[in-house]
Structure formats: C-alpha cells, structure tokens
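Colleague: Put chain H on the given structure of chain Z with help from the hints.
These are the residues of each chain, in order.
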Amino acid sequence: DVKVTQSSRYLVKRTGEKVFLECVQDMDHENMFWYRQDPGLGLRLIYFSYDVKMKEKGDIPEGYSVSREKKERFSLILESASTNQTSMYLCASSLFQTNEKLFFGSGTQLSVL
Amino acid sequence: DAKTTQPPSMDCAEGRAANLPCNHSTISGNEYVYWYRQIHSQGPQYIIHGLKNNETNEMASLIITEDRKSSTLILPHATLRDTAVYYCIVRNSGNTPLVFGKGTRLSVIA
Chain Z
29 DVKVTQSSRY LVKRTGEKVF LECVQDMDHE NMFWYRQDPG LGLRLIYFSY DVKMKEKGDI
89 PEGYSVSREK KERFSLILES ASTNQTSMYL CASSLFQTNE KLFFGSGTQL SVL
Chain H
5 DAKTTQPPSM DCAEGRAANL PCNHSTISGN EYVYWYRQIH SQGPQYIIHG LKNNETNEMA
65 SLIITEDRKS STLILPHATL RDTAVYYCIV RNSGNTPLVF GKGTRLSVIA
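Protein chains in written order, with our numbering: chain Z, 29 to 141; chain H, 5 to 114.
Bear in mind the hints are in silico, worked out from the structure with no lab data behind them. Hints are not guaranteed to be accurate.
[To be verified] Straight-line Cα separation of at most 27 Å, DSSO-like style, residue types lysine-lysine; simulated pairs:
no., chain 1, residue 1, chain 2, residue 2
1, H, K7, H, K106
2, H, K7, Z, K129
3, Z, K31, Z, K81
4, Z, K85, H, K56
5, Z, K99, Z, K81
6, H, K7, Z, K83
7, Z, K129, H, K56
8, H, K73, H, K7
9, H, K73, Z, K83
10, Z, K129, Z, K99
11, Z, K129, H, K73
12, Z, K85, Z, K41
13, Z, K81, Z, K98
14, Z, K85, Z, K31
15, Z, K83, Z, K31
16, Z, K85, H, K73
17, Z, K98, Z, K31
18, Z, K31, H, K106
19, Z, K83, Z, K41
20, Z, K99, Z, K83
21, Z, K129, Z, K83
22, H, K7, Z, K85
23, Z, K98, Z, K129
[Unchecked claim] Sample of chain Z residues at the chain H side, in silico, Cβ under 8 Å:
no., residue
24, L71
25, G86
26, E128
Computed from a predicted structure; not experimentally measured. In this text, a Cβ means the ideal position worked out from N, Cα and C, and glycines have one as well.
Just chain Z, same shape as in the assembly (with noise of 0.2 Å):
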C-alpha cells in the first residue's frame, strides 16, 4: 500500500523557533509537495520539487524554506516560526510522468504560540 508520512501529526512551537517538518514517501515519486491548510481558505501551495535538490516556490512561499537531499524526503522549513504559520501543513507525492494522482500524508497541525 503507498504511503506518505508526515513525521509528526501534532507540533506546538515557539515564535522565533526553527521548525522542520518531515515527509517521507516509499512509492518512489518525483514529485513532492508541501501545501497549508487554513479554514476558509482552502489548500495553498507552498514549496513543490519534482527531483533531488530542485525546488519550485509554489503560492505562498514567504517565510518557508524546503530541502530535498534524497528522493524519498521533502523537508519543510520555518527559518522562524511565527503566529500566523499556525496551520494544518499536508505534503503530498505523485509520478513525475502524468502527475496524475496526488498522495497525500495525514497532515501535521502546526501551532505556534
């Protein structure tokens, strides 16, 4: 069964704190994405790579970072973290080829205090 997995399903940090969220997908995908969740806002794209060490700025990249040093891992970063990264961030794989079908991890509800 494909599976991607968000390292953790629950974070609470601190204004000012670094914060990296993990994702790690075992279906051999080129594409890696990171979106946020917020409600009444929908899903937003934040950082998207379709191969180790390339990285595209998707919607709202501001205050983000990414890095994808194996194909298999796509890291979220939060240089520093403030109140308003306070989301639901869900990353999600595909095939390079047709990109067709989306998996998606069970998400990781960030909350900075």
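Modeller: Below, chain H alone, put in the same frame as chain Z:
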C-alpha cells in the same frame, strides 16, 4: 488553469446517489477535470479524473458535458463515510501542481 465553481455545501440521504456539480466554463481543450475528497482530519484523496469522456471507477462516476463546461461527480450509493469536502480541479496535461479551491462539503445523512 481554468477556475472551477462548486456549491459550498450539499446534503444527501444515505443510500441515495450524491450528485456533485462543478462549473468550469473557461476550460481549454487540453485541460483535465480532477476530483479529490478530504475526509475530516485526513489528507485529500484522489477519486477520479477525465478529459471529455465519462469515466467510472470503484469509487465514483464522472460525467462531463459535451461542451466540457461543467461536470458532475456521482457517488451511486452514498454512505456516512462519504461525508467529506469534495474538490473539483481543472488542470492541463503538463506537470503543473494541482490548485485546490474550497470545494463542496457533502453531508450524508442517515
């Protein structure tokens, strides 16, 4: 990519067919229609996609009008577990990320 319009919410009686509409009047010839759903506290799940022909799989059917300006997702026998937010997305065949709107919140009622 073309924008989509969906009703914010719908109700459906358990065991009945749920018909979820989506308008995409600015769709272009190489754009596909995708449907995903998100059950509470989970990540979105792929349901089905199509270009112009109707499609069916084990989860649902997708009916696309002949002019491709609208489509309907059909859950033939809705159950309580189908209660979720359903997203209709239009995207071209290239390798561009999916853009999710606000979707339709479907409530299946016993």
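Colleague: Confirm or reject each hint.
Modeller: Here's how the hints hold up against the structure:
no.: 1; hint: K7(H) - K106(H); result: holds, 12 Å
no.: 2; hint: K7(H) - K129(Z); result: holds, 19 Å
no.: 3; hint: K31(Z) - K81(Z); result: holds, 22 Å
no.: 4; hint: K85(Z) - K56(H); result: violated, 31 Å
no.: 5; hint: K99(Z) - K81(Z); result: holds, 9 Å
no.: 6; hint: K7(H) - K83(Z); result: holds, 25 Å
no.: 7; hint: K129(Z) - K56(H); result: holds, 18 Å
no.: 8; hint: K73(H) - K7(H); result: holds, 11 Å
no.: 9; hint: K73(H) - K83(Z); result: violated, 34 Å
no.: 10; hint: K129(Z) - K99(Z); result: holds, 18 Å
no.: 11; hint: K129(Z) - K73(H); result: holds, 22 Å
no.: 12; hint: K85(Z) - K41(Z); result: holds, 24 Å
no.: 13; hint: K81(Z) - K98(Z); result: holds, 8 Å
no.: 14; hint: K85(Z) - K31(Z); result: holds, 24 Å
no.: 15; hint: K83(Z) - K31(Z); result: holds, 22 Å
no.: 16; hint: K85(Z) - K73(H); result: violated, 30 Å
no.: 17; hint: K98(Z) - K31(Z); result: holds, 16 Å
no.: 18; hint: K31(Z) - K106(H); result: holds, 25 Å
no.: 19; hint: K83(Z) - K41(Z); result: holds, 25 Å
no.: 20; hint: K99(Z) - K83(Z); result: holds, 12 Å
no.: 21; hint: K129(Z) - K83(Z); result: holds, 20 Å
no.: 22; hint: K7(H) - K85(Z); result: holds, 21 Å
no.: 23; hint: K98(Z) - K129(Z); result: holds, 21 Å
no.: 24; hint: L71; result: holds, 4 Å
no.: 25; hint: G86; result: holds, 7 Å
no.: 26; hint: E128; result: holds, 6 Å
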